[in-house]
Amino acid sequence: MQKLRLRYAKRGRLRFTSHRDVARAFERALRRAGVPMAYSQGFNPHPKISWVGAAPTGVASEAEYVELQVVRRLDPARLAQVLDAALAPGLDVVEAVEAGPGGLAERCEGSRWRIVLPGVPPGELAAAVSALLAAERVEVERMTKSGRRTIDARPAIIRAETLSSVDLDDNSPDAVGIDMSDTGSVCGILVAVVRQTTPAVRPDDVLSALRVVAALEPPVPAKATRMAQGRLDDDGGLTDPLAQDRAAAIG
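Numbering (the numbering used here), first residue to last: 1 to 251.
Hints are computed from structural coordinates only; laboratory data are not their basis.
Each pair of labels, with its calculated beta carbon distance range: (1) Asp75 x Val191: 31 to 41 angstroms; (2) Tyr39 x Ala135: 45 to 55 angstroms; (3) Thr198 x Ala85: 34 to 44 angstroms.
Model, not experiment: these values are computed from the prediction.
Heads up, the beta-carbon is just placed ideally off N, CA and C, and yes, glycines get one too.
Make the full structure from the sequences, and use the hints.
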C-alpha cells in the first residue's frame, strides 16, 4: 500500500457544508476518479481515509488535511489533479504528497484563523482584542448535543492581532478567498492563532470571548476562514505539516 496526504480548501458557499457531507463528497470523487483505494476488513468495508481536525460547519478553510491509503503507487501530483477535477467547485485539492515517517495529526497543534467582522471599526476591534489578551480567564457558553456547556476559551488563544480591509491586497496570504463585497466601508479583521484543545476552541468561541470581555457585537455575522494548521513554534507561529513529507520524498 501507499499512504498519501492531501491539503484541500473549503471555499465560498461550501463553508456551510458539514464534515459528514464533505467526507461523502470525497468518497464519491475518489470513486469517480478511479483512485485504487485500500479498504478496511470486515462485514462492511470502508475506504481507508483519515481526517485531521476538520473545520466546523459555517467556516471556510484554506488548510484542511486528509490521509488516504491506496493499493498501488500513484504520482501525488497526478492524484491531486484528477481528484480536484472530480470534486465540486469550492472543494479544491491544493496539494498531495506521499506520506513520510510520523503521524499527521500530531503536526497539527494549532490553527490560524482569519475572522472578518463587517461593520466593526478596526479600532474598536483592536481594543476588544487587547482586553481579551489581558484576561487570564474568559468563560464562554456553547450549545452542545447534551445542552449548554461553559468553557474557558482564553488558554487556547496563543496570538491575536487586528487588520483592516485596506491592509489586505491580492498577494496577501490573508486575502485568499476573501469576499469583501458586503462589508461596507468599515471592516475589522481578526487574525488569531488558536491551540487545538479538547474541547476545541472555535472561531465562534473567540467571538463569544470578545463579547464577554468588551461587549463587542458585530452588526452582521462574521466570516471565518482557517488559513493554516501546523505545529506551534516558540513564537506562536505554525510550521507546515507537510514539510517533513516533502523532505522525505526528496531524500
